[in-house]
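Here the protein sequences come in this chain order: G and W.
Counting in our numbering, the first sequence runs from 1 upward without gaps.
Counting in our numbering, the second sequence runs from 1 upward without gaps.
No lab work stands behind these hints: they were computed from the structure.
Any given hint could be a false lead.
For chains that are exact copies, the list does not tell them apart, and a pair is met inside one copy or across any two.
[What the hints assert, rightly or not] Computed list of lysine to any residue pairs in SDA-like fashion (alpha-carbon distance at most 25 angstroms, straight line):
no.: 1; residue 1: K87; residue 2: G101
no.: 2; residue 1: K20; residue 2: G101
no.: 3; residue 1: K20; residue 2: Y91
no.: 4; residue 1: K20; residue 2: G95
no.: 5; residue 1: K20; residue 2: Q31
no.: 6; residue 1: K20; residue 2: D58
no.: 7; residue 1: K20; residue 2: L62
no.: 8; residue 1: K20; residue 2: G79
no.: 9; residue 1: K67; residue 2: P12
no.: 10; residue 1: K87; residue 2: A100
no.: 11; residue 1: K20; residue 2: R97
no.: 12; residue 1: K67; residue 2: H11
no.: 13; residue 1: K67; residue 2: G95
no.: 14; residue 1: K67; residue 2: M17
no.: 15; residue 1: K20; residue 2: A60
no.: 16; residue 1: K87; residue 2: S46
Note that the coordinates shown come from a computational prediction; the quantities given were computed from them, not determined experimentally.
Number of protein chains: 2
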Amino acid sequence: MIIVQGEARFHPDDMPMLRKAGAEMMAATRQEPGNLAYAFAEDVASPGLVHIVERWADGAALEAHFKTPHMAAFNAALGQARVLALKVCAYDASGERLLAGG
Amino acid sequence: MIIVQGEARFHPDDMPMLRKAGAEMMAATRQEPGNLAYAFAEDVASPGLVHIVERWADGAALEAHFKTPHMAAFNAALGQARVLALKVCAYDASGERLLAGG
Numbered sequence: 001m002i003i004v005q006g007e008a009r010f011h012p013d014d015m016p017m018l019r020k021a022g023a024e025m026m027a028a029t030r031q032e033p034g035n036l037a038y039a040f041a042e043d044v045a046s047p048g049l050v051h052i053v054e055r056w057a058d059g060a061a062l063e064a065h066f067k068t069p070h071m072a073a074f075n076a077a078l079g080q081a082r083v084l085a086l087k088v089c090a091y092d093a094s095g096e097r098l099l100a101g102g
Numbered sequence: 001m002i003i004v005q006g007e008a009r010f011h012p013d014d015m016p017m018l019r020k021a022g023a024e025m026m027a028a029t030r031q032e033p034g035n036l037a038y039a040f041a042e043d044v045a046s047p048g049l050v051h052i053v054e055r056w057a058d059g060a061a062l063e064a065h066f067k068t069p070h071m072a073a074f075n076a077a078l079g080q081a082r083v084l085a086l087k088v089c090a091y092d093a094s095g096e097r098l099l100a101g102g
């Protein structure tokens, strides 16, 4: 499994546009083969700070994701936003175990 | 490295209380030895859906986190909230590589 975690800080005034673009991107990405989880989510304490949370079955699924039409559309939307900081990393992950709930 | 990812769905009316409790929990947890990242963040498309995003240096750091006073305080706040769904998992992670930004 590949896990992706990242943070992007945007100008808070751009968040209404980014919520809409992000919702469309999430809906399309969750239909992709090999996608296990995909979300954009806003920090509860810091307006404009967006957390990126992804899980993929394997690296091939993630590579295919980068080439999708909805990725191109989302990147175009990002180009309209004021990105103040950005860092997204991928990790090789294994050994899933439940910590809470189910 | 240990990665934690999870989702909790709350009654949207409980979010103001949870944002406050979550902000206090995040601030305290980010001071813990071995914590690399810790956030509660609200899905851009689904009010009341909270994503949990964590990275820890090792399993011992995560175990120590569960025994902190701020964890007890946060669990008390959670006990006041209407939790509609909850699933949190941990993963063994390695091979960090930058996908975007830096």
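Hint check:
no., hint, verdict
1, K87 <-> G101, "between (29 angstroms within a copy, 5 angstroms between copies)"
2, K20 <-> G101, "between (30 angstroms within a copy, 22 angstroms between copies)"
3, K20 <-> Y91, "neither (28 angstroms within a copy, 31 angstroms between copies)"
4, K20 <-> G95, "neither (34 angstroms within a copy, 33 angstroms between copies)"
5, K20 <-> Q31, "within (18 angstroms within a copy, 34 angstroms between copies)"
6, K20 <-> D58, "neither (28 angstroms within a copy, 37 angstroms between copies)"
7, K20 <-> L62, "within (23 angstroms within a copy, 35 angstroms between copies)"
8, K20 <-> G79, "within (14 angstroms within a copy, 32 angstroms between copies)"
9, K67 <-> P12, "neither (28 angstroms within a copy, 35 angstroms between copies)"
10, K87 <-> A100, "between (28 angstroms within a copy, 6 angstroms between copies)"
11, K20 <-> R97, "neither (33 angstroms within a copy, 28 angstroms between copies)"
12, K67 <-> H11, "neither (27 angstroms within a copy, 37 angstroms between copies)"
13, K67 <-> G95, "between (29 angstroms within a copy, 23 angstroms between copies)"
14, K67 <-> M17, "within (23 angstroms within a copy, 40 angstroms between copies)"
15, K20 <-> A60, "neither (28 angstroms within a copy, 40 angstroms between copies)"
16, K87 <-> S46, "both (16 angstroms within a copy, 24 angstroms between copies)"
Going down the numbered hints, you'll see the structure goes against 3, 4, 6, 9, 11, 12 and 15, while the others check out.
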